[in-house]
Amino acid sequence: MNSVDIYIQEVMGNIHAPLLERQRFEIDLRSHLEEAQAASEDLPLVLNQMGTPIEVAAEFMAQVRLEYAGFTHRHGDYAAYCWFACYWRNHTKQPCTPKPNRAWLYYQCFYHPWRVWLRSGSNRSHAGLFPDTGRSLWPNSWQEYVKAARTG
Amino acid sequence: MPEKSLARELKRGTLEMILLKLLSPRPMYGYELITTLEVQGGESFSLKEGTLYPVLYRLEDAGFVDTQWEIHDRSVPRKYYHLTKAGTIELQRLINEWQSFYGAVNRLLEMEIS
Chain P
1 MNSVDIYIQE VMGNIHAPLL ERQRFEIDLR SHLEEAQAAS EDLPLVLNQM
51 GTPIEVAAEF MAQVRLEYAG FTHRHGDYAA YCWFACYWRN HTKQPCTPKP
101 NRAWLYYQCF YHPWRVWLRS GSNRSHAGLF PDTGRSLWPN SWQEYVKAAR
151 TG
Chain X
1 MPEKSLAREL KRGTLEMILL KLLSPRPMYG YELITTLEVQ GGESFSLKEG
51 TLYPVLYRLE DAGFVDTQWE IHDRSVPRKY YHLTKAGTIE LQRLINEWQS
101 FYGAVNRLLE MEIS
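Sequence order for the protein chains is P and X.
Going by the numbering used here, the letters in the first sequence line up with residues 1 to 152, in that order.
Going by the numbering used here, the letters in the second sequence line up with residues 1 to 114, in that order.
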């Protein structure tokens, strides 16, 4: 591992973004360093001109937009669902014990993420994702709802 | 307030416009953009080279520039940035905005306060 690799590793270690954006930045940095090295051949000077890994990573992170995951919206939907379930069960003289059913789980796990993705436009890579890992937010909610469904 | 904060803020505010302007006559790659900025802009526009790419990504994501990898006679592949039609419109808008702002600042500075 040479100085360029170490430098890039340090920059990328401070970047929390989806994988594709990380890769794009890494490729550009590497290409730029190769170009600069070919022009000046003085690696310490080239690395100094690049800026510290923290500076470079901070500039990159400043333009990463975090998408709203829609928790308020989904909890509002859930409250409406609970109200409707109570109303319906009272109306039909059944005990009011609202719990997520399969349709609700389907909505939370598939339909709603899809809708968020559609709404996210050109910034889709961030939609509903943890920016650092690219991991979906939805399994957490899904697990909560499955647990609620199981325990009643 | 730090001594050079105005210059830094002005550079930050105008960098996108400057980059669009540099790309308007012909496509350029990252290293070429940096060296042109240093040669033409001098000390005022010297910036840490690694911080250029996030700005270019902003322009690319907004659709103002497009990119293309090219390999010429050398083995190092270069990513060329070129201005799109939307970028040309945005550049004109930014120039108008800058000139309007520049004029207003000058008027205010030349104003005699009684």
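Among the hints, a few may not be true.
Stretches of chain X that chain P covers, calculated by requiring three or more beta carbons in the stretch to come under 8 Å of a beta carbon on chain P [stated by the list, open to error]:
{"no.": "1", "segment": "12-24"}
{"no.": "2", "segment": "53-61"}
{"no.": "3", "segment": "85-99"}
Calculated lysine to any residue pairs in the SDA-like style (CA-CA distance at most 20 Å, straight line) [claimed, not checked]:
{"no.": "4", "chain 1": "X", "residue 1": "Lys11", "chain 2": "P", "residue 2": "Glu55"}
{"no.": "5", "chain 1": "X", "residue 1": "Lys11", "chain 2": "X", "residue 2": "Lys79"}
{"no.": "6", "chain 1": "X", "residue 1": "Lys21", "chain 2": "X", "residue 2": "Thr35"}
{"no.": "7", "chain 1": "X", "residue 1": "Lys48", "chain 2": "P", "residue 2": "Gly51"}
{"no.": "8", "chain 1": "X", "residue 1": "Lys48", "chain 2": "P", "residue 2": "Met12"}
{"no.": "9", "chain 1": "X", "residue 1": "Lys85", "chain 2": "X", "residue 2": "Ala62"}
{"no.": "10", "chain 1": "X", "residue 1": "Lys79", "chain 2": "P", "residue 2": "Asn14"}
Since the hints were derived computationally from the structure, they do not count as laboratory data.
Virtual Cβ for every residue (Gly too), placed ideally from N, Cα, C.
Structure-based check of all given hints:
As drawn, the segment 12-24 of chain X meets chain P at 0 residues by the rule of a beta-carbon pair under 8 Å; below three, the given contact is violated. Under the rule that three or more residues need a Cβ within less than 8 Å of chain P, the assignment of the segment 53-61 of chain X holds, with 6 such residues. Counting residues of the segment 85-99 of chain X whose C-beta sits closer than 8 Å to any C-beta of chain P gives 0, which falls short of three, so the coverage hint is violated. Our distance criterion of 20 Å between C-alpha atoms is met by lysine 11 of chain X and glutamate 55 of chain P, whose separation comes to about 16 Å.
For a cut-off of 20 Å, the pair hint linking lysine 11 of chain X to lysine 79 of chain X is broken: about 24 Å separates their Cα positions. Proposed proximity of lysine 21 of chain X and threonine 35 of chain X is supported: the alpha carbons are some 15 Å apart, at most 20 Å. With a CA separation close to 5 Å, the supplied pair lysine 48 of chain X and glycine 51 of chain P stays within the 20 Å bound. For the hint pairing lysine 48 of chain X with methionine 12 of chain P, the CA-to-CA distance comes to about 17 Å; that is within 20 Å, so the pair holds.
For the given pair, lysine 85 of chain X sits about 12 Å from alanine 62 of chain X by alpha-carbon distance, which is consistent with the 20 Å threshold. Using a Cα cut-off of 20 Å, the hinted pair lysine 79 of chain X and asparagine 14 of chain P is violated, with the two alpha carbons roughly 24 Å apart.
Hint compliance for this structure: hints 1, 3, 5 and 10 are broken, all remaining hints hold.
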